[in-house]
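Enquirer: For the sequence shown, the working numbering begins at 263 and goes up steadily by one.
Treat the hints as calculated values from the structure; they're not laboratory data.
Treat the hints with care, since some could be wrong.
With a straight-line cut-off of 27 Å between C-alpha atoms, the simulated BS3-like cross-links for lysine-lysine are [to be verified]:
1) K267 <-> K297
2) K297 <-> K285
3) K285 <-> K274
4) K325 <-> K267
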Amino acid sequence: MQAPKIDQRSYKDIVAYTEACAKAFTEWRPLADNKPDGGRSLIRIFGHLATIVGDRLNQVPDKNFLAFLDLIGTSIGPPQPARVPLTFYLATGSTEALVPAQTEVAAPPTEGEEEEVIFETERDLVLTNVQLQAVFVREPEQDRYSDRTQQGTGQDDAAFLTFAGDQPIEHSLYLACDHLLTLPESKTLTVTINSPNAVGLAAVPITWSYWNGEVWKPILGIIE
Numbered sequence: 263m264q265a266p267k268i269d270q271r272s273y274k275d276i277v278a279y280t281e282a283c284a285k286a287f288t289e290w291r292p293l294a295d296n297k298p299d300g301g302r303s304l305i306r307i308f309g310h311l312a313t314i315v316g317d318r319l320n321q322v323p324d325k326n327f328l329a330f331l332d333l334i335g336t337s338i339g340p341p342q343p344a345r346v347p348l349t350f351y352l353a354t355g356s357t358e359a360l361v362p363a364q365t366e367v368a369a370p371p372t373e374g375e376e377e378e379v380i381f382e383t384e385r386d387l388v389l390t391n392v393q394l395q396a397v398f399v400r401e402p403e404q405d406r407y408s409d410r411t412q413q414g415t416g417q418d419d420a421a422f423l424t425f426a427g428d429q430p431i432e433h434s435l436y437l438a439c440d441h442l443l444t445l446p447e448s449k450t451l452t453v454t455i456n457s458p459n460a461v462g463l464a465a466v467p468i469t470w471s472y473w474n475g476e477v478w479k480p481i482l483g484i485i486e
């Protein structure tokens, strides 16, 4: 971002304004057909000098900014080469490929230039045809998660919060004991859970179900 100019007038603006002032406050009048004369020459000399002063004046914000950086102990970094993100694609039928570091890539010439801009890759890149199938976000502090498969795989361009969940995480406890749970006379099963946080279980929505060999079927559970 460039600093705002203190004096935004150009050389032509200064000359035009000075000529207007000379016509208004003096008896000077320009010659016909814009022929040069002493007055016009002096005005152009003045316009040139005023432009030089204006250019120097417009550099003051940048110099003050540099002085401020120096005051807080910050210096301008050395020149760095231009960097751009590049995307490589596998050729049809390929399964994997390696793009070694310092591979040259040409960009079209910029406006007004004829030569292509050459970039070099910074590190090795392995190309593979493996694709994302699902994307999930887990927020352990809030015990929540989000399914971001649509956005993560490019099917949906909508923005989303990367590290925030939007639905609670389901927690399951599986109990398995074929000898006990398959007794024909078993009607009621009592499960005792000893935990410092067991008091809060009554406020948690808990559902019980059992596996009949094909599907999970709900059963009535009472928490005391």
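Enquirer: Is it true that the CA of K325 sits at most 27 Å from the CA of K267?
Expert: Roughly 13 Å separates the two Cα atoms, so the pair holds.
Enquirer: For the pair supplied as a hint, K285 and K274, confirm whether the alpha-carbon distance does not exceed 27 Å.
Expert: 17 Å, holds
Enquirer: Between K267 and K297, is the straight-line Cα distance small enough, at 27 Å or below?
Expert: 33 Å, violated
Enquirer: Decide if the proposed pair is consistent with the structure: K297 and K285, CA atoms, cutoff 27 Å inclusive.
Expert: 16 Å, holds
Checked against the numbered hints listed earlier, the structure breaks hint 1 alone; every other hint is satisfied.
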